[in-house]
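Novice: Keeping the supplied structure of chain A fixed, place chain B upon it in accordance with the hints.
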Amino acid sequence: MEKNTYDAIVVGTGISGGWAAKELTEKGLKTLVLDRGPMVKHGDYPTAMKNPWELPYGDEPTQADIARWPKHTRPSFYGITQSTKHWFADDIDNPYEETKPFDWFRGYHVGGRSLMWGRQSYRLSPMDFEANGKEGVGVDWPIRYEDLAPWYDKVEHFIGVSGNADHLAQLPDGDFLPPMDLNCVEKDFQSKLDGKFNRKLIIGRTANLSAPLKHDQSPQRGTCQYRNLCMRGCPYGGYFSSNSSTLPSAERTGNMTMVTNAIVYELIYDNDKGKATGVRVLDAETGHQTEYFAKVIFMCASTFGTAQILLNSTSTRFPNGFGNDSGELGHNIMDHLFGTGARAMVDGHEDRYYSGRRPNGFYIPRYRNVGTDKQKYLRGFGFQGGAGRQDWTRLVQEQLLGADLKQAAEAPGPWYVSMMGFGEMLPSHKNFVTLDRNHKDKYGLPILNFDAAHQENELMMSKAIIEDAVEMLTAAGYRDVGSFSMKANVGAGIHEMGTARMGRDPKTSVLNGWNQMHACKNVYVTDGSAMASSGCQNPSLTYMALTARAANHAVEELKRGNV
Amino acid sequence: MNRREWLKNMSVLAVGAIAGPSLLAVFDAHAASQKPGTKPQFLNPAQYTLVGAVADIMIPRTDTPGAVDAGVPLFIDQMFFAAYTKEEQTRYVTAMAAFDKAGGKPFLQLDEAQRKALVTKLHTEALAAPKGTTPAPAADFVMMSKKLTMMGFFLSQPGCTQVLQYAPVPGAWHGDIPLKDAGNGKAWAVETSLKI
Chain A
490 MEKNTYDAIV VGTGISGGWA AKELTEKGLK TLVLDRGPMV KHGDYPTAMK NPWELPYGDE
550 PTQADIARWP KHTRPSFYGI TQSTKHWFAD DIDNPYEETK PFDWFRGYHV GGRSLMWGRQ
610 SYRLSPMDFE ANGKEGVGVD WPIRYEDLAP WYDKVEHFIG VSGNADHLAQ LPDGDFLPPM
670 DLNCVEKDFQ SKLDGKFNRK LIIGRTANLS APLKHDQSPQ RGTCQYRNLC MRGCPYGGYF
730 SSNSSTLPSA ERTGNMTMVT NAIVYELIYD NDKGKATGVR VLDAETGHQT EYFAKVIFMC
790 ASTFGTAQIL LNSTSTRFPN GFGNDSGELG HNIMDHLFGT GARAMVDGHE DRYYSGRRPN
850 GFYIPRYRNV GTDKQKYLRG FGFQGGAGRQ DWTRLVQEQL LGADLKQAAE APGPWYVSMM
910 GFGEMLPSHK NFVTLDRNHK DKYGLPILNF DAAHQENELM MSKAIIEDAV EMLTAAGYRD
970 VGSFSMKANV GAGIHEMGTA RMGRDPKTSV LNGWNQMHAC KNVYVTDGSA MASSGCQNPS
1030 LTYMALTARA ANHAVEELKR GNV
Chain B
145 MNRREWLKNM SVLAVGAIAG PSLLAVFDAH AASQKPGTKP QFLNPAQYTL VGAVADIMIP
205 RTDTPGAVDA GVPLFIDQMF FAAYTKEEQT RYVTAMAAFD KAGGKPFLQL DEAQRKALVT
265 KLHTEALAAP KGTTPAPAAD FVMMSKKLTM MGFFLSQPGC TQVLQYAPVP GAWHGDIPLK
325 DAGNGKAWAV ETSLKI
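Going line by line, the protein sequences match chains A and B.
Numbering-wise (the numbering used here), the first sequence opens with residue 490 and increments by one.
Numbering-wise (the numbering used here), the second sequence opens with residue 145 and increments by one.
Simulated crosslink set (BS3-like; lysine-lysine; CA at most 27 Å straight-line):
| # | chain 1 | residue 1 | chain 2 | residue 2 |
| --- | --- | --- | --- | --- |
| 1 | B | Lys179 | A | Lys539 |
| 2 | A | Lys492 | A | Lys519 |
| 3 | A | Lys676 | B | Lys330 |
| 4 | A | Lys1010 | A | Lys516 |
| 5 | B | Lys245 | B | Lys260 |
| 6 | A | Lys976 | B | Lys339 |
| 7 | B | Lys291 | A | Lys976 |
| 8 | B | Lys291 | A | Lys539 |
| 9 | A | Lys976 | A | Lys952 |
| 10 | A | Lys1048 | A | Lys516 |
| 11 | A | Lys539 | B | Lys330 |
| 12 | B | Lys324 | A | Lys676 |
| 13 | A | Lys976 | B | Lys275 |
Hint data in this document are derived by calculation from the structure and do not stem from the laboratory.
Since we're looking at a predicted model, the values are computed, not measured.
Just chain B, same shape as in the assembly:
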């Protein structure tokens, strides 16, 4: 008997005479009510386009997919829609407005080189902010967007499997091996989280 058959057998073992609904049913109902959206629900179309353009600068398509390919803009929208607080929502939207003014004209009207230059400048400014302080809003937007883009990308399938390496079922643990023998030698995808 293989494993699948075993599990099947186990789950049909009649456990007890009296049984209410299983936790699995409760889980399914709850999961359905919390299914993330497939279209933006927090950002308006203009904001969504801007976030996508910034995410594309953070992690562009190279010989591997980029942030936009990996669905990062929708990830960011859903994080603000469901996971973050009202204060965090306000902080992001306010910072985005400041960012959109920082380049002299609206960000999306800048050419590619100007966009990159602005993001790079504000990124440097954000990194220079003293530890424990929040950078000025435009720079804060760049830093928040960097974190969100990285989170969305490195938890995505392309991020995990094409940029990092991912083993869904490693099957073994080798605690101390040469880097070159650890799969393809790239960093392992891990589950992690970041505070914006």
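For reference, chain A alone in the conformation it holds in the complex:
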């Protein structure tokens, strides 16, 4: 037992787990960091430097790939390419059930989805933390913006976020690296939206280094090279991932022990102590079972990964899942409305272009139900988009062949602009995931069954997203304005959250205001499952800030002897 005993255990190495590992080890805790998948060290990005012609099959999935990833190749997702498919969990070996269709896109390796994330980094605002309480939706957040603001500062400073200070109440500014430029059509759209609607279009805030970091803690991170191949992993360290950033910091402390291929399937609860004492782990390769012990446990296995482990951890104290006195564990699934928007062609600007490939777009922050605007639905949405000049694919439908076709392709095409809505989804007890004990995966572990759907508020908002996008592009004077709507289930936004929510009352929530389990104070949950509401902003930055804050709290509580 002694050799398997640590001060802290962190389950998962993604966006949240990397931060937990860094903070706990830097504060001196001997920390065991577990990941269910194989090791990916910074630099182990096998396709990162490949040119288009070095990727087989035009970088498209083969029939063999589609057979291996039947869910990950759904229309709402783009990750199964020759250059990125190795980052995604095999659907055959890792099944789940869908009472209602659910898009669950996963990366089972060290770094998790921090390697493939979209990098958009936005703070929630005071309005977002207050909305549940004011409107009587779900449960009131037990914290307010001011509680998290210093932790947002800390995270942004460390990871490096490029962005502009835009002075918007609904999207607080942060500690930014220089913003990336908008192109000429984006600037045109910006000024028209401002003039006609008083709505703001800003450059996206992204965790790519537009300039060197303002600290010297991450010498392995270089500036963005504007290749826009981030999802393959960046050998320059140009964007934030656990692999390029938090895990190397944790490693340098000498306090981290990492075990890979370690599937945590259960938390161990000690009735006498009234605490969790450790975790039970299955080796993904050998099936060998091991128990590890620690004073404090951080669950950072991702929203559904954590829910799965907690639901599977039953005992006389927790017959319905670990920490589940409220009956809310696995419930209140949220994601962001995804897949609808509009595009248009833009005349003129033929003498302007750009160079480099910007790994970022524009953002139109939420303007619905903000200030004096009042809609029949609650909350709101933002748009992410970009403008550019059309590529050679435009010539397929042109009367051009041979040398003429070749010559026409040399010239940049006309300008287009395209944007997609990301809408807030309300928490609802009716959206939930359960463990199906009759259906097990190849490790013998019960799999998850999803039962979640967009409800009335989301459906109203979905319609508004399209109407607003079309209205704005039309008012800007652009032509051939058309909406799009791809087939996207809940989960398609890959912003899943809510299954172990924070709250003030143990009867209606799983975690307290420090991400600590109401029912078991030495277990912290700091991934997306902690979220009490979703906002419409990309959530990863908030998970990082919550994790850093919780880790600080855990260390203080350990010192005080409270956990």
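Specialist: Below, chain B alone, put in the same frame as chain A:
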């Protein structure tokens, strides 16, 4: 210390006491099993020759390399061999047979001018098909071959670097500059895909 040295140092940092095989090893094994062929595997020799002749009409060699120089026929073969469905395979082969009959005698027995005229005529016919419908098989073959030729060519090294312009590591982003200052002023090569 330069970047290469840094990366090397990073990768030898001992991360943890216990480590299984890395994802890199898994990737290498998988990549080896999926390596594309170097000879045609889907098209028979006659079909392969015909596809090459059509691709050459679509994007010929000019002062820059053409589709055949860029390996487009093998690209098309490999897409059908590995990437496309059985239905797509059948559609292409059936359409090819119809195309081969459309010129009065087999396509490869036509002279250069006749070949071009036939492809041009069927291309026009395909473009005239109402949106959302599939053109008649012979025209469908021309349109599918056009898309495949463009995809194979504009993702190839000659296509990216000699017809378009390509910067593997741009190093900077300039969002709003005069066209003449954007490299050599040609369209940037981008990664994109086309549905046949």
